[in-house]
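If you want the building blocks of each chain, they are given just below.
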Amino acid sequence: MPLRMKLLLIALVAAVFPLAGWRFVAQMELTLRDSHEQALVAASRMLASALPQLAAPLYEQLRDPALLHARSMHLDVEVDGYPDDWGPLYADPEELRDAQGRVLASLYLGSGPSSLNVLLDVSDSSRVDAGPDGLLAEFADQVQIGLRDRFGERRWRIVSVDRNSVVVLPLTGPDGREPSLSLPASWSERPDGYRIELRLPRFDQTQAVALKVLDFPAPGANLPRIAGTGSGPDLGYRNVARLWQEQASLDRLLPRGTRMRVLDRSAYVLARGGNLRPGSDSAEDDDELSLLRWLRALIYRHLLAPPMGSSERYGFNQLRATVAPVDSALTGTPMSAWRPAASQASVILSSAMPVLDGDEVIGVILLEQTSDALLIWTNRALGGLLFGGLLTMLAAAAILFGYAGYLSLRIRTLRNAAENALTPEGRVLGNFPRSSVADEIGDLSRSFARLLDQVSGYTEYLRTLGGKLSHELATPLAVVKSSLENLEQEALPESARIYAERASSGAVRLAALLRTLSQAARIENAIAAAESEEFDLAAVLRGAAGGYRDLAQDREFRLDLPAHPVPFRGAPELLHQALDKLVDNALGYTPPGGWIRLALEPRIGAVDIVLANNGPPLPQRMQDRLFDSLISVRDGRSSTAPHLGLGLYIVRLVAELHQGEVSASDLADSTGVEFRMRIKGMPAA
Amino acid sequence: MARQIAIVEDEPAIRANYSDALKRYGYEVHGYASRAQASTAFALRMPDLVLVDIGLGDEPEGGFDLCRELRQRSTTLPIIFLTARDSDFDIISGLRLGADDYLTKDISLQHLLARIVSLFRRVEALSLPAGKDQLLEHGSLSLQADRMLVSWKGEEVPLTVTEFWIVHAMSRYPGHVKSRDQLMSAAQVVVDEATITSHIKRIRKKFVAVDADFDAIDTLHGIGYRWKA
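Chains A and B, in that order, give the protein sequences.
Okay, so the first sequence: first residue is 1 according to the numbering used here, each after it adds one.
Okay, so the second sequence: first residue is 686 according to the numbering used here, each after it adds one.
So that you can see chain A by itself, here it is in the shape it has in the complex:
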């Protein structure tokens, strides 16, 4: 893995900052929530205990275990059998069950300006009518309804004569009288039963209502299913309590921004009051929310918020609040819950506190409060923290990544420079950049440069060794030679003369060797100082070939030049010297009767000078070092000329001077060997 990636991974450690901050703020949020909860619970406890004193009538109602609940209605209903004028109040009915516990009817009560509206949905699949004129009313499917108010008790029987027409028959009350008032009523058949809608007169709030629904299974049967507000065959009166009563005495005690509901033990909302902070529970206010607030709310909701319940069934316009805290409070355990508000930017805390009568739970006080303040506060803190932390982390990562990139760039540069510092032959190119930065990478660079300098110095020393040696040896050799020459002039005994001659020929060979050594140095200098000129390469080769032909003697010399001139830029005398060396080399290996071939092959962008000879193949072990200096591979060849292996080295130097290279290979048909100089030409000075 490259350095940068490693450092990036390490930089991710900085991610611990926003993470830690997040956890911290989440924890703080919980703590603050907790304290908010405590406050609200205290308020609800206070209200619950103050309820008997502050709202005594309400308290009395709560103590009544069997209440009928009447919805507040602004208008009395049209008794048409359609529940649409009940609107959303057509919900949460009281269920009337038969002896087996099956629901026979659903009762909806509503308290209008002058009537007690009643809607009853009866499920009755075996319809028994009262017959024409209602003569069989007693044994027809019917609803008996009783009203007890300050006028006493009045009863009625409601039957249908034929489907969809209702008859309200007065019944004799306990005082023996029949009610004189008739009730506006309607009866509508429904697929699984029938619906009765009627209006009872209402003069004041104190009323008790009784209902009994009889379902005869068949005409003539006399054992109906009975369901009603009472148990047993008698009409059971139950007090009617209006829902959503206002209790100013309690409202006064509410903290700001709190709303309250007082529920009876069936979770019906008997009283309600107070309100949440304006704009906190309605979705319409979302229009005014800025995107930022929404974003913050989103962050809160998903990052911070402890689990919250859903907002179902919490609506203020619910008739019953069958929600978890209420359920818990009804068992005697107060409970609080948080839930998101309809508006995205708030949450609502609900606290349900049981209302007690001695040890018995008779109702629940449900307090609700929004928590904007907390939300905004934590959001601001969190937002700032998160944002800052994130920025810090990103900045740190970016800086680290950038610096790592810069470092790895430096290391890469160093690596590339190191790889390019040497030519393939091992010569130091001398272009190694030396860093001046005072850190470890700079140190490495400088050490490397020093190393290369030393290598360069040493190879330079080795390279010039030949030249230096020849120079140093020249003087002692001159001493030897001149001494021997003098010796020859002296009269020597025959036995001594032999030694003088041998010494002499040895000195001659030594001199030749030294000349060759110094020649190599001289040629390198000549190559370095060579000036280029334009000439016709074909003509030069043609001119040279004449001499080579003579040298070849009994071997065939083939010449393969293009007929047209080959313009070339270079140093002709150096090329000539290189050719001389190649020919000399070839002559050494070509047997008598063999052939030597010199060819000029122009190509695109370069020119090939090829010298091939017929003879043994190239020595295996020296293949890639043929063109190095001072390599001698001429085993088995007797030679009077000293051979230090400079010839091919010179050929290579000349080739390189002309922007080219030289290579040697065996011929494909194994008849001999081919040396190929591929040169492009010297650049114009």
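Note that these hints are calculated values from the structure, not bench results.
Certain hints may be false.
Said to hold, decoys possible - Computed footprint of chain A on chain B; a stretch qualifies when at least three of its residues, placed anywhere within it, have a C-beta under 8 Å from a C-beta of chain A:
#1 691-699
#2 705-711
#3 785-796
Think of the CB as a built atom: it goes at the ideal place given N, C-alpha and C, for glycine as much as any other residue.
Fit chain B to the supplied structure of chain A, relying on the hints for placement.
Then chain B, alone, in the frame of chain A:
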């Protein structure tokens, strides 16, 4: 009287060997190990020919200084430079010290003697009237063998003994190609081809200094050189 030859050479063995060889030939030889020694001696009496080694002891350019000194006192005194490296030749030639020849130390005594003989002959020839000389003329070239005088278009071209022999060899048969080997033997040296090449280069330079359009010497790569017909 025998000719006086002075050898200024700091390597005692070489000095002694050359000295012995020249004495055997009949010359009187005095050897000096340093420039100071030689200078003192020459102040008393000038020799007839001087062999100077370039690097003298702790004076790497002692030979050049001595040559300048000698030339101030005599323009005709034959002076031969000796050096271990033939790369010094370019330096010497460039300095135009007026030396009559420059040789490498590995020159054989035979060849050295040949030069000394020629130089003495030249000194004699210079003191004689011009007519007695062997004159070779070709085109703008005029060559007097004994005086070893070469002039081009009437102007004298100062050549060393070695260079003179090379030009002589080429211009005796204009149009003929002389191989390097042939030139080497004419110049009485045993050197590698590159040395011949640099001699030719210096010869050309000297002629060009006299005449910018000089191109009488043809280079035939791989074969040799020739004086244009």
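Coverage of the segment 705-711 of chain B by chain A, judged on three or more residues with CB within 8 Å = Since three or more residues must qualify, the claim that chain A covers the segment 705-711 of chain B holds, with 3 doing so at under 8 Å.
For the segment 691-699 of chain B, do at least 3 residues have a Cβ located nearer than 8 Å to some Cβ of chain A?
-> holds (count 3)
Quick one: see if chain A covers the segment 785-796 of chain B, three-plus residues with Cβ-Cβ under 8 Å.
-> It holds, with 6 qualifying residues against the three required.
Taken one by one, the earlier hints all hold for this structure without exception.
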